[in-house]
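Colleague: Here is how the chains run, residue by residue.
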Amino acid sequence: MSQLVFGYFAGMIVATSMFVVALKNPVYSALSLLVMLFHVAGLFVTLHAEFLAAVQVIVYAGAILVLYLFVVMLLNVKQDDRYHGQWRLAGFVCAPLLIEAMILLSGGAGIRTTGTQTVLVPSSKAIAPDNTLAIGQTLFSTYLFPFEVASLVLLVAMIGAIVLAKREISEQETPGPIVRTKVTE
Amino acid sequence: MTIPISYYLLLSGIVFLTGIVGVLIRRNIIAILLSVELMLNATNINFVAFSDYFRDMGGQVFVFFALTVAAAEVAVGLAIIIALHRSRSTINIEEFNLLKW
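The listed protein sequences correspond, in order, to chains L and P. Reminder that position 147 of the first sequence reads as 147 in the numbering used here, one-by-one numbering, no gaps. Reminder that position 100 of the second sequence reads as 100 in the numbering used here, one-by-one numbering, no gaps.
Everything labelled a hint here was simulated from the structure, so no lab data went into it. Computed from a predicted structure; not experimentally measured. C-beta: ideal position from N, C-alpha, C; glycine also. A few of these clues could be false.
Unchecked claim - Not everything, but these chain L residues come out facing chain P in the computed CB check (under 8 angstroms):
hint	residue
1	F6
2	P26
3	F38
4	V93
5	C94
6	L97
7	E100
8	S123
9	P129
10	L133
11	A134
Unchecked claim - Covered stretches of chain L, going by a simulated chain P footprint (3 or more residues, C-beta under 8 angstroms):
hint	segment
12	14–23
13	52–61
14	136–146
15	149–161
Chain P with its partners taken away, still in its complex shape (with noise of 0.2 angstroms):
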């Protein structure tokens, strides 16, 4: 009784498809990269699932590599967060509009 590989193609395109809603919807900064983490996620779930239909560890290899980039997304982000909280004391998106033309 296995599971069909539609199946996990749909759950990840749902959670990516959240994971963009997020994006484009939500004002607070740490909102929008928690709602990226959902994004790298939903690939890691189709990369699994592939590299079990395929039997190939070249997937979960890449999962690894999603999630080193994933850490230092966040390490990046989350500074750079703090440097925009001490230089604007808000992490409003709406108020970051510095290189808008």
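Next up, chain L with everything else stripped away, as it sits in the complex (with noise of 0.2 angstroms):
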């Protein structure tokens, strides 16, 4: 049973992945993105995390798809969106993952040493009965100082949205790229 549950989680997260990358128009794209990310979800709630399923359907699915639609909806992108060159280097890159994933594929060769004893070994730990109890315990004990990092993080990329996505730079200022491009038209 839960190997079918994988089986279909997998599939779709593959095959969407799959239509991120090979359709040609941003907004399937972009909503292929979202089942995908559903699909995660699910995948998270079967290993026991729920607390981050939910994150990840309300930031992921909420917040950073819909930024992402407003965004192409906003350019309007009406352009034949072919395809780079690029293939020699993409299989370049790709080949060694490809490898990894035969010898994975091939009864974990990697995991197992040349004993009989194993690398990794599973804990046989009880699954906490609360998930975001646990999370909460271990965010704020060992992983304080990152997490105080993180919301800096991300007021510094609040900030340095603003400031990018910003309308008019006056002409006092030091002339940018885009003041210029104004001034020629």
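Put the two chains together into one complex; each comes in its own frame, and the hints tell you how they fit.
Modeller: This is how it looks when you write it as structure tokens:
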């Protein structure tokens, strides 16, 4: 049963992620990514990470994807989106990963050492009954400093986005490329 | 009946591969950013799978941080795209060769 569930989620994730790359219209790509994110959230539920599944749906599907769709519709892209001619580079990058996948498929040769002892021993501890409580306790004890740094990253990103997307740069300041193109037009 | 960890690694590898191919072959900047999201999600699957495997909450906390960084990346990236589109009125990656040697 659990293998059936995993198979469904994995198949849908792979198919929709390939649609994200293959579809020419960016709106369809974004919607395909939306379906993929929902299935990743489902996979998180099967992995006993319920809180992260909820966060995945809320933050990714609710905030990030809406931002993408907003920008796609704002820019109103009507162009022939042809592919790059970089297939050779793509193949060169992807070949090691494919070999890795082969090794993984052939019975996990990388996991097992020479003896019978395995390197990666699955923990036999019980699953935490309250996932959110466990995450909160870990986040605010062990990872308190990274948590604060993450908030700083968000603040910097917010200010940076506002500064970058601001419409007008006044003439008295150093003339940027935006101002110059307007003058030439 | 449990799923072996290598299946999750394989799934994440395939999704990451798809993201890399998307970054390399697409010309639309928005599609490239969507491919970057694919790669981030592949790492998230890995983190959560190992977190469940070792019963360690650290992996899930790191997915939390990855989500934060993804949100920041999207905000800044889309702002850059809007600024580029305003100055060049295109988002085709071939048109942007200012920093090429």
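Colleague: Count the residues of the segment 14–23 of chain L with a beta-carbon closer than 8 angstroms to any beta-carbon of chain P: does the count reach three?
Modeller: holds (count 5)
Colleague: Does F38 (chain L) meet its interface restraint, that is, does its C-beta lie within less than 8 angstroms of any C-beta in chain P?
Modeller: The hint is violated - F38 (chain L) has no Cβ within 8 angstroms of chain P, the shortest such distance being about 11 angstroms.
Colleague: Return the status of the interface hint for P129 (chain L): holds when the least beta-carbon distance to chain P is below 8 angstroms, violated otherwise.
Modeller: violated (12 angstroms)
Colleague: Are there three or more residues in the segment 52–61 of chain L whose C-beta lies within less than 8 angstroms of some C-beta in chain P?
Modeller: holds (count 5)
Colleague: Please check whether F6 (chain L) passes as an interface residue: C-beta within 8 angstroms of a C-beta belonging to chain P.
Modeller: With a minimum Cβ separation of about 5 angstroms from chain P (threshold 8 angstroms), the hint on F6 (chain L) holds.
Colleague: Holds or violated: A134 (chain L) as interface residue toward chain P, Cβ cutoff 8 angstroms?
Modeller: holds (5 angstroms)
Colleague: With a cut-off of 8 angstroms, does the beta carbon of P26 (chain L) approach a beta carbon of chain P closely enough for the hint to hold?
Modeller: holds (5 angstroms)
Colleague: For the restraint on V93 (chain L), tell me whether the closest CB of chain P is nearer than 8 angstroms.
Modeller: Holds: closest Cβ of chain P sits about 6 angstroms from V93 (chain L), inside 8 angstroms.
Colleague: Given C94 (chain L) as an interface hint, is its Cβ closer than 8 angstroms to any Cβ of chain P?
Modeller: holds (5 angstroms)
Colleague: Would the hint on E100 (chain L) be counted as holding, given a Cβ-Cβ threshold of 8 angstroms to chain P?
Modeller: holds (6 angstroms)
Colleague: Holds or violated: L133 (chain L) as interface residue toward chain P, Cβ cutoff 8 angstroms?
Modeller: violated (10 angstroms)
Colleague: Tell me if the interface restraint on S123 (chain L) is satisfied: Cβ within less than 8 angstroms of some Cβ in chain P.
Modeller: holds (4 angstroms)
The structure does not agree with the numbered hints 3, 9 and 10 stated previously, though it agrees with the rest.
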